[in-house]
Structure formats: structure tokens, C-alpha cells
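Asker: Chains as they are written, first to last, in our numbering: chain A, 1 to 319; chain B, 1 to 319; chain C, 1 to 280; chain D, 1 to 280.
Derived by calculation from the structure, the hints in this document are not laboratory data.
If you're wondering where the values come from, they're calculated on a predicted model, not measured in any experiment.
Warning: the hint list may mix true and false statements.
[Stated by the list, open to error] Computed footprint of chain A on chain D, listed as stretches where at least three residues anywhere in the stretch have a Cβ under 8 Å from a Cβ of chain A:
(1) 42-50
(2) 185-196
(3) 267-279
[What the hints assert, rightly or not] Within a straight-line C-alpha distance of at most 25 Å, the following computed DMTMM-like cross-link-like pairs (lysine to aspartate or glutamate) qualify:
(4) C/K121 with B/E148
(5) A/K41 with A/E278
(6) B/K189 with A/E85
(7) A/K96 with D/E267
(8) C/K155 with A/E73
(9) D/K103 with B/E318
(10) C/K94 with A/E148
(11) C/K94 with A/E318
(12) D/K155 with A/E278
(13) B/K46 with B/E16
(14) D/K269 with A/D239
(15) C/K269 with C/E71
(16) D/K266 with D/D68
(17) A/K145 with B/D67
In this text, a Cβ means the ideal position worked out from N, Cα and C, and glycines have one as well.
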Amino acid sequence: MRNYLDFEAPIKELDEQIQKLKDSAVKSGVNVDNAVAELEKALVSKTTEIYSNLDPWQKVQLSRHPDRPYALEYIEKLTEGTWVELHGDRTVKDDKAMIGGFGLLSGQSVMFIGQQKGVNTKMRQYRNFGMANPEGYRKALRLMKLAEKFNKPIVTLIDTPGAFPGLEAEERGQGEAIARNLFEMMRLKVPVICIIIGEGASGGALGIGIGDRVLMMENTWYSVISPESCSSILWRSWDHKVTAAKALKLTADDMKNNGLVDGIIREPLGGAHANHEEAAHILKSVILEEIAKLSALEQEKLVEQRITKFCAMGSFIEA
Amino acid sequence: MRNYLDFEAPIKELDEQIQKLKDSAVKSGVNVDNAVAELEKALVSKTTEIYSNLDPWQKVQLSRHPDRPYALEYIEKLTEGTWVELHGDRTVKDDKAMIGGFGLLSGQSVMFIGQQKGVNTKMRQYRNFGMANPEGYRKALRLMKLAEKFNKPIVTLIDTPGAFPGLEAEERGQGEAIARNLFEMMRLKVPVICIIIGEGASGGALGIGIGDRVLMMENTWYSVISPESCSSILWRSWDHKVTAAKALKLTADDMKNNGLVDGIIREPLGGAHANHEEAAHILKSVILEEIAKLSALEQEKLVEQRITKFCAMGSFIEA
Amino acid sequence: MSWFKRMKTGITTKNQEKKEIPEGLWYQCPECKHVVTTEQHAEHDWICEKCEHHDKINSRQYFSILFDENEYEEVAAHLISGDPLEFTDTKAYKDRIKMTINKSGLKDALRVGFGSMEGQKVVIACMDFGFIGGSMGSVVGEKFARGVDKAIAEKCPFICISKSGGARMMEAGFSLMQMAKTSAKLTQLADHHLPYISLLTDPTTGGVTASFAMLGDINIAEPKSLIGFAGPRVVKETIGKDLPQGFQSAEFVLEHGFLDYIVGRKELKAKMALSIRQMM
Amino acid sequence: MSWFKRMKTGITTKNQEKKEIPEGLWYQCPECKHVVTTEQHAEHDWICEKCEHHDKINSRQYFSILFDENEYEEVAAHLISGDPLEFTDTKAYKDRIKMTINKSGLKDALRVGFGSMEGQKVVIACMDFGFIGGSMGSVVGEKFARGVDKAIAEKCPFICISKSGGARMMEAGFSLMQMAKTSAKLTQLADHHLPYISLLTDPTTGGVTASFAMLGDINIAEPKSLIGFAGPRVVKETIGKDLPQGFQSAEFVLEHGFLDYIVGRKELKAKMALSIRQMM
Ligand SMILES: [Zn+2]
Ligand SMILES: [Zn+2]
């Protein structure tokens with residue numbers, strides 16, 4: 001059973017019609033191939049139409065689509081049984097909202113790190129809704145340093161509604177943990193590729209988001225705040241989230257145009273949630289391609305370019 | 001009011017006689033200078049006699065003498081108002097049993113780190129009797145890395161009955177914290193001088209004890225276990241602590257003879273507790289001398305020598 | 001002007017400036033209600049002489065306390081904010097900036113000075129809460145970056161005094177990336193083995209805490225400052241109960257291992273200068 | 001020899017060997033009391049087929065599981081303990097060593113093998129609890145050191161399987177310094193960017209936990225192993241109350257962030273080999 005967002009209603013309708021037709025054919029024995037083909041053509045064209053005209057708020061909704069693949073699923077599909085999850089920050093805890101470990105990507109060892117959301121009610125709790133505590137960021141950093149030691153590239157998969165704003169998170173230094181990651185990731189001597197696969201909310205996303213390539217999948221968002229929170233702070237009401245989503249320029253296109261991310265990764269027709277296999281396949285080829293390019297650079301050059309890139313971000317007037 | 005150990009009884013007696021004589025002179029106006037001088041001569045000779053013939057268990061007792069100066073007092077005397085204590089492990093806590101910070105030693109900036117025991121009942125609690133938790137070892141490491149960044153020598157003052165064996169200490173990885181320090185101290189690129197100023201108990205002591213020079217003050221002990229615990233494990237009773245103290249070869253002389261420490265720091269007559277000023281003075285000149293020697297070495301050489309030294313420790317037979 | 005009128009002016013500070021710059025002739029301590037003349041208050045480094053309450057002050061005031069003879073050269077003073085997203089909420093960002101510049105006399109939420117402190121060359125960056133809540137936009141990031149460059153060029157330490165509500169939402173993604181940018185600059189400072197002291201003052205929260213404010217070789221704070229990543233209201237909502245007494249105070253943050261020391265403003269210059277001497 | 005007599009031999013393991021090497025023809029699981037033949041038990045890698053209880057095993061057994069075809073070259077096999085302190089408690093250390101060597105057939109509490117694991121060259125150091133409780137004396141330190149040297153010479157990973165009660169008191173200061181020595185050797189391994197996997201088994205405590213056992217590039221453990229610095233009895237005495245369920249179990253240590261993964265003995269070889277492939 002897949003889930004449909006409001007604006008996916010026409011898609012739902014066509015999906016159901018096709019299913020009904022097929023079911024009736026099974027019962028009646030009548031050949032419905034032509035009718036199904038017609039409907040499927042209509043489905044493609046409807047889906048294309050809807051997905052070509054998404055507004056920012058719709059992309060935000062898609063980034064949170066319940067059927068969307070999460071980090072672990074991508075990693076498992078990418079590494080085909082060679083992923084070994086590694087745990088723990090070596091100080092206080094193993095954070096279930098942040099996962100990491102080596103896996104082989106077409107034979108090449110890669111350190112994968114990502115925020116992990118839960119796939120059902122129980123797991124959502126277990127994964128703390130993809131909101132990491134400080135120990136999650138520290139685990140991530142430990143694993144990145146491990147990858148650096150053995151000269152392996154790092155891929156981070158970003159998908160978080162934010163760093164967890166809990167009491168213990170504050171006690172154990174959420175701010176320090178994220179800050180430390182920014183600092184240390186900036187000078188990792190191996191290629192770092194960061195991919196926003198869902199939600200890229202603020203410091204919680206950036207905490208594993210310093211890379212030589214920062215890429216956004218088509219139907220994701222990345223900004224300093226969620227549209228809802230922005231609305232509630234600036235307009236003092238939750239009702240302006242659509243406006244806020246637009247104002248924040250948080251889509252992949254906007255972020256790319258503003259030079260704040262390096263590229264956009266195409267999703268299958270109808271979004272990553274409509275075809276997990278293809279989404280993973282696209283992801284894999286992008287990662288392999290980028291690793292090949294980045295591995296060609298000298299380590300010093302790599303770090304220098306990374307620093308230079310982030311230092312160039314900003315818009316101001318020399319009055 | 002100073003405290004006297006059992007075997008210091010003759011010293012106590014002479015101290016009291018001298019005081020009584022002086023008191024009576026004040027009352028009576030009689031000149032007692034000659035008599036006092038005689039007694040003081042006797043005191044010196046008695047003290048010399050006692051302190052030349054200390055057995056290992058007596059040295060253990062002296063290392064715990066309640067009047068003995070602790071790390072903070074030494075540091076303050078050494079740095080003459082230029083010590084700035086730095087706090088925190090940047091992860092979970094500030095451990096009061098482990099102190100650290102820069103101070104100027106005759107104008108030269110030095111990172112001082114040490115276990116700190118409490119000077120009275122309340123402070124003993126506050127300092128956890130000089131038994132650090134993992135965060136203490138992590139604070140120490142953080143400060144050592146800070147010193148390394150700015151190319152400043154490190155001096156550690158060791159005085160602990162052991163790393164704290166508490167529940168939270170285990171939860172937060174006491175073993176990992178000490179292990180990490182051994183590993184990281186081994187390759188610090190600045191001179192490291194470790195001085196046992198009181199008790200040097202096992203891994204808790206070694207956790208800040210990896211240095212280019214490891215020195216023991218005269219009346220201290222350093223071993224893998226306290227004589228009491230050793231007695232209770234090997235003899236299954238606490239009664240053999242004197243025998244255990246002897247068997248463990250834990251005195252400065254024994255440790256030096258076995259090549260497990262690099263040198264012995266002389267204490268004032270009657271022990272460091274009898275003259276804090278002089279003890280600090282001696283300490284200061286030793287530290288300055290060692291820093292001068294070690295600073296002359298290249299960083300790589302320094303690290304290599306340190307590693308080689310510890311790798312040479314051991315006694316075995318190539319059968 | 002009658003005495004009464006003066007007094008009234010003194011104790012009524014404009015909302016806009018959030019009590020950072022008490023005007024008029026009198027200052028009343030918000031904690032203990034003690035009243036002194038503004039001249040006396042300034043002489044006491046804007047600390048209440050009775051209860052030690054540290055009044056929130058601005059970059060001009062910090063510079064006057066820290067730079068020898070209050071002499072310093074301002075770095076990148078001319079930068080002002082662009083409007084990369086053409087952002088409009090209840091007001092256009094462009095207008096908000098213009099208005100704030102006019103009202104505050106500041107160009108943005110960070111000023112950078114180069115001068116000497118107890119005879120040692122030093123670059124000091126200092127945030128101004130009066131400029132859109134000390135929020136971090138592109139100008140803050142760029143000025144911070146140029147401050148670091150100045151310190152590297154002068155081979156001197158870099159000090160940053162933080163006081164911030166966090167991100168500048170009207171610069172959205174640009175604001176977020178200033179966290180990355182300032183951290184990047186600090187790696188360059190570190191490569192040159194130059195000390196960085198981060199002074200956290202009341203309040204330091206959000207993206208500033210999660211970037212340069214927590215990255216000091218030593219992190220220090222003024223007493224009782226509010227320091228955190230998530231604001232106390234958000235944390236309270238998350239946990240669904242009241243926060244413990246002193247939560248997110250400087251003293252709390254010290255106990256949890258993130259501050260090297262807390263220092264009163266009276267001892268600030270001497271102690272920072274000593275710390276710098278120890279690291280240089 | 002009657003069947004009864006054989007059975008009795010089988011389920012009565014000698015105290016000296018702490019159930020590491022069950023002799024005879026039958027093995028009874030101490031957890032679920034399930035009985036199998038020792039041959040079956042060995043075929044199951046000394047894991048109970050019913051309840052998955054991992055029997056404590058020795059270096060010979062680990063080597064047979066991990067090295068391809070059980071082929072390996074032993075490193076520094078000839079080292080035996082000196083008696084640097086001429087230590088005597090209820091027995092002279094010299095005699096204790098001699099006796100233990102005779103009884104256990106081991107030279108000391110660590111054996112080091114060099115061979116291949118799933119076709120990859122690897123040095124494996126493995127502790128024997130049967131030798132004075134897997135305590136760390138000079139020989140353990142030196143063999144560990146030579147194992148690291150071998151790995152460096154062969155440019156291959158180093159694996160250490162820990163199982164230890166901690167220090168060897170009869171070597172006092174020498175024992176303590178083996179913590180430093182083994183850590184020093186690991187810095188050399190790290191300089192060569194060769195992977196170090198630390199496998200912690202039941203039990204791993206004391207000085208071993210506070211040195212090489214916790215220093216793995218990845219730390220892994222067998223299920224339910226007791227892992228800690230202070231032993232549970234000491235901790236219990238310190239806090240003056242009962243310890244929580246599962247305290248210091250591998251699962252507990254994983255939750256607290258110190259283990260990368262827990263792995264059953266059946267999957268041990270394949271998973272370690274994969275981890276090594278990922279780091280080489
Ligand atoms: Zn007041
Ligand atoms: Zn069983």
C-alpha cells in the first residue's frame with residue numbers, strides 16, 4: 001500500500017483505475033491490455049505534469065513522504081550485502097538516529113554516514129525521528145576520522161528535521177558537537193560527498209554536511225529553518241508555511257542557483273518514493289562518478305578547495 | 001597543627017619538647033637558646049635517621065600523609081600567580097579530581113595537569129579523593145592537545161589511589177579513556193614530564209603518566225596495585241600489606257632500579273610535608289632543567305625516544 | 001530639563017536597543033534595582049556595583065574595555081548586507097536592514113577591531129545584539145572571515161565575543177552556510193597555530209553556538225550568561241516540563257565541560273591577556 | 001572404560017582450565033544444560049546449538065576458527081616469563097610459572113599467529129585465560145609487540161582477541177608498564193595505516209581493557225561477554241548497591257558507545273574479514 005500526498009490525488013486515482021481494471025480482467029478473463037496501456041500513458045503524463053510544477057512547499061512535503069527511502073535502505077541497496085554498521089561515539093552512547101559504517105560500492109570501500117528515520121511507529125521512536133543527539137554527531141566524526149585514516153571516501157546522507165533539542169542534548173553539548181564536526185570535516189583529507197536525501201534542516205543537517213560535493217536530490221529541501229518554524233517566528237503563526245517555503249529558497253534549484261550546493265540529483269518519475277530501486281541506482285552512479293573525480297585530486301588541493309568553496313558563500317555589499 | 005605518622009613519633013616528641021622549651025622561655029624570660037639548638041640538632045639527626053631507613057610500607061604511608069602538598073598547591077607555588085585553570089572535557093563534564101591549565105614557570109608557559117585530592121573533609125568529597133572519572137582523563141587529554149598545538153611542554157603531577165571504579169565511570173568508559181590517553185600521550189610532539197608526587201596507583205596513575213621523563217618524589221609509590229589490595233587478593237587478607245608493599249617493589253628506588261621510571265626527586269628533610277616551600281622549590285628546578293634538556297630535541301626524536309623507552313620495559317626469557 | 005525628567009529618561013531604555021545602551025543620566029539595575037549614574041555605571045564596566053549583574057553591552061563598549069586606550073583599527077567596517085533572496089516577511093528584508101542601520105548606528109551584527117590588549121596585538125570580533133538580535137547573516141560571516149585573515153596577517157590571536165539569537169532567517173541558506181564559513185576560517189587560524197579565544201556572553205544560542213562560539217582553543221563566558229544550542233523555550237516544549245534551575249547558564253555549561261572558565265568583566269582583560277601570553 | 005566413566009570425565013572439567021578446554025566426550029552447556037558430544041561442540045565452534053551460549057575457548061581454538069585451514073606460523077612462541085621482582089606470595093612466582101606452563105601446555109597468556117584469513121594475510125594475537133587468568137605480564141607485552149612488528153613487516157592487519165582478568169600482580173610495575181608498551185606499539189601500527197581489530201571476549205577487564213583492548217580501529221565483542229575496567233564486585237562495593245541487569249555486558253558496552261558491533265562466533269571470521277577488506 002503506498003501513501004499519496006494531497007497533490008498526488010490524480011496519480012492515486014489513475015493507480016486505482018489501473019488496479020481495478022487488472023483485477024476485473026483476472027475475474028472476467030477479458031483482455032484489458034489496451035485500456036491499461038492507455039491509462040498508464042495517462043499516468044506518466046499526469047505524473048510528469050504534477051512533478052514538473054511542484055511548488056517549494058510541495059517539495060517539502062515530498063521530502064517527508066512516508067514512502068520515501070531512508071538512509072539505511074539506500075546504503076543497503078548501494079552496497080549489496082557488504083555494509084557493516086559500526087556503532088558508538090566511544091564516549092557515552094550509540095545514537096540510533098545517526099548511522100554509519102563501511103560498505104563496498106562496486107568493490108570500492110566507502111564510509112557511509114547518515115541520519116536515519118524510522119520506517120514505522122516503533123522505529124520512528126527508536127530512531128528519534130532522525131534527530132540526532134550530540135553523541136550522534138560525535139559518532140559520525142569518529143567514523144569520518146576512521147575513514148580518513150584508511151584513505152577511504154566518505155558519503156553522508158542527510159535526512160533530518162533537525163538536531164534534537166532535548167535537555168540531555170543541551171547537557172552534552174549539541175552546539176559543540178555540531179561545531180566540532182564543521183571544523184573537522186572541513187579538513188578531512190579524503191573526498192567527502194554530502195547528499196540531501198530528504199529533509200535538510202539547519203545545523204542538524206550541516207553537522208554532517210561539509211563536503212567537496214554537496215548534492216540535493218530533486219525533491220528535498222535544505223535551509224536554516226523549516227518553513228513551519230519560520231512562519232511561526234516571522235509571521236507569528238503556523239499558517240504561512242507555504243509562503244515561508246517559497247521565501248526561504250530552500251529547493252534544490254534555488255540552493256544550486258545561489259551557489260550553496262553543488263548539484264542536483266535527478267529522481268525517478270514520481271519521486272524517489274515511487275521507485276526505490278531506480279532512485280538508489282541513480283544515487284550510486286552519481287556517487288561513483290564524483291568519487292572518481294575527487295580521488296584524482298591531491299589531498300591538500302581537496303581540503304583547500306573545500307575551504308575556499310565554503311568561504312565564498314555569502315552575499316554582501318562593500319559599501 | 002601538623003600530623004604525625006606512627007613512625008614519626010620520635011620527631012613529634014622532639015618537636016613538642018622544643019615548643020615547650022620556647023613557651024617556657026617566653027614565660028620565664030630565661031634564655032634557652034642553647035638547649036633549643038641542642039634539641040634541634042637532635043631533631044635533624046633523628047629525622048635523618050628515620051628517613052634514611054624507611055621501609056616500603058612507610059613510604060606508602062608518607063605518600064598519603066595528610067600534610068603532604070597536593071597538585072594545586074605545587075602548581076600555585078611554581079607559577080606564582082600566573083596559573084589559569086582550564087575546565088571541562090568538552091563532552092560531558094568538568095571533573096574536579098583532575099585539574100589542568102597553563103601557568104608560567106619562570107616566564108615559560110607550561111601546561112600543568114594533575115590529580116587533585118581534597119585538603120579537608122568537604123574538599124575530599126568534592127575532589128572524589130583524587131579518583132578521576134573518564135571525563136577527567138578526557139579533560140587531561142584535551143588540555144595536552146591544546147599544549148601540543150601551541151608547542152608548550154606538559155607537566156603532569158600524579159597523585160591518585162586509582163581511577164574511580166564507579167558505575168557511571170564504567171558507563172562512560174573508564175577503560176577507553178585511560179587507553180586513549182596512553183595512545184595519544186605516546187605521540188605528543190611536545191616534552192612531557194610526569195611526576196609522581198604522592199600515590200601512583202595503577203592505570204589511574206598511568207593515564208596521565210606517559211612522558212619523556214617519569215620521575216618519582218622520594219616518598220611516593222607507583223605500582224599496578226596498592227599494597228592493601230594486593231594483600232587481599234594474593235594473601236586473601238588485608239594483613240599482609242607490609243609484605244605486599246615490599247614484594248611489589250613500588251618505591252622510587254626500586255622503580256628506578258628496574259628501569260620503570262627515569263629518576264627520583266629529592267624531598268626536604270622529613271619529607272615534602274615537613275617543608276612545602278622547599279619541596280616546591282626542588283620540584284621547580286627539576287622541571288626547568290628537564291624542560292631545557294627535552295626542548296633541545298627535535299619533535300620526531302622526542303616521540304621516537306618516548307616510544308622506544310616504554311617498548312623496552314619488560315623482563316622475559318628467550319627460551 | 002528637570003531632575004525628574006532626566007531620571008525618567010535614564011531608567012526607561014528604548015525597546016529597540018534591548019537595554020544595551022542605557023541612555024540618559026541614570027541606570028537602574030534590573031536585578032537588584034540599585035540606581036547609579038550612567039557615568040558610574042560605565043566606570044564599573046556596566047556591572048552593577050551592588051549585585052555584580054553584568055549589563056548587556058555592545059561592541060563599542062567591549063572594545064573600550066579591552067583595547068588599550070580604546071584605540072583600534074576597525075576591520076571591514078564598510079560591509080553591509082545584500083538581500084540575496086529578496087526576502088519579505090511582514091517587512092522587506094532590505095527595508096529592515098536600512099532601518100536597523102539608521103536606528104542602531106551599526107552596519108551589521110558584528111564589528112571587528114585590531115589593536116593591542118595589554119601591549120599584545122590582537123583582533124577582536126564582537127557581536128551586537130542590537131542588530132536584529134545578533135543574528136548571523138552573510139556580513140557577520142564575511143567580517144569574521146576578514147578578522148581571521150587580519151589575525152593571520154598580523155600573526156596575532158583572534159578573540160570573538162558572541163552574543164546572538166542565532167541564524168538570520170531572512171538570509172536562509174546563506175545564513176546557514178555562515179556556520180560553515182566561520183568554521184572554515186578557524187581551521188586556517190589553527191593551521192597558523194594562532195590562539196582563538198571565544199567569549200560567550202548573554203545570550204549565545206543557535207547557529208553561533210553550533211559554530212564559532214564553541215570552537216575556541218579556550219571557551220570562556222561572562223557569569224550567568226545564557227548559552228545553548230536550542231533556546232530554552234524550545235527545549236521546554238520538547239521535554240514537556242519545566243527546565244531545571246540554572247539550565248543553560250554559563251555555570252551549568254561549565255559544569256558540563258564546555259567552558260574553560262567564567263570570568264567577570266572586571267577581570268576579563270587581564271585574564272584573557274594572561275591566557276594569550278600562555279598560548280603565544 | 002565404561003560409558004558412565006566417560007560421561008563423568010566429559011562433564012567434569014578441571015578447575016585449573018576454567019572450562020576452556022572441556023575434555024572427554026561430552027559437553028554440557030552451563031546455561032541451558034543441553035548435552036552434546038565434544039566433537040559436535042567443536043563443530044559448532046564451541047557454541048551451544050540450543051541457546052547460543054558461547055563457551056570460553058583458548059587461543060588454539062580461536063586460531064582453528066579464524067586461520068584458513070588452521071595454518072599459521074607462531075610468532076615469538078619461545079618467550080617465557082622472567083621473575084624480575086623475585087616475587088613470592090603464597091607461592092614463588094617462578095614456581096607458579098613453571099607449574100602453569102606444565103599444566104596448561106602454554107608458555108604464557110598470549111599467543112600470536114601469522115597466517116591468512118579468507119585469503120588475506122593477518123596477524124592474530126589471542127589471550128589464554130587458562131594462563132594465570134589471562135593476566136598481562138612482560139611476556140604478554142613483548143609478544144603483543146612482536147605481533148605488531150610482524151604485521152608492520154608483512155603490511156597486514158593486526159587482530160587481538162582479549163580475555164583477561166587484568167594485571168599480573170607478580171610483575172607489579174612491569175605489568176603496569178605493559179599497558180604503556182602495548183599502546184606504544186599500536187601508535188606504530190597506526191603510523192603505517194594498518195587496521196587493528198580488537199575482539200573483546202568473556203571476560204575482558206582491568207589493564208587490558210584500559211589499554212590495547214579499547215584501542216581498536218574497530219572494537220568488537222562476542223555476545224554477552226563481560227567487559228569493564230573495574231570488576232563488577234569492586235563497582236558494587238563502590239556504589240554500595242546491586243548492579244543493574246546486564247551491567248558491563250557486551251550489549252551494555254555497545255549501547256554506551258564503545259563497541260562497533262557484537263558478533264557471534266559463527267559469523268566472526270566472515271565479518272572480520274569483510275571489515276578488514278573495507279579498511280585495507
Ligand atoms: Zn544589581
Ligand atoms: Zn545452551
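Asker: The structure should be examined with respect to each hint, and the outcome stated for every one.
Answerer: Quick rundown of the hints versus the structure:
no., hint, result
1, 42-50, "violated (count 0)"
2, 185-196, "holds (count 3)"
3, 267-279, "holds (count 6)"
4, C/K121 with B/E148, "holds (22 Å)"
5, A/K41 with A/E278, "holds (19 Å)"
6, B/K189 with A/E85, "violated (34 Å)"
7, A/K96 with D/E267, "holds (23 Å)"
8, C/K155 with A/E73, "violated (49 Å)"
9, D/K103 with B/E318, "holds (20 Å)"
10, C/K94 with A/E148, "violated (44 Å)"
11, C/K94 with A/E318, "holds (15 Å)"
12, D/K155 with A/E278, "violated (40 Å)"
13, B/K46 with B/E16, "holds (14 Å)"
14, D/K269 with A/D239, "violated (57 Å)"
15, C/K269 with C/E71, "holds (15 Å)"
16, D/K266 with D/D68, "holds (15 Å)"
17, A/K145 with B/D67, "violated (46 Å)"
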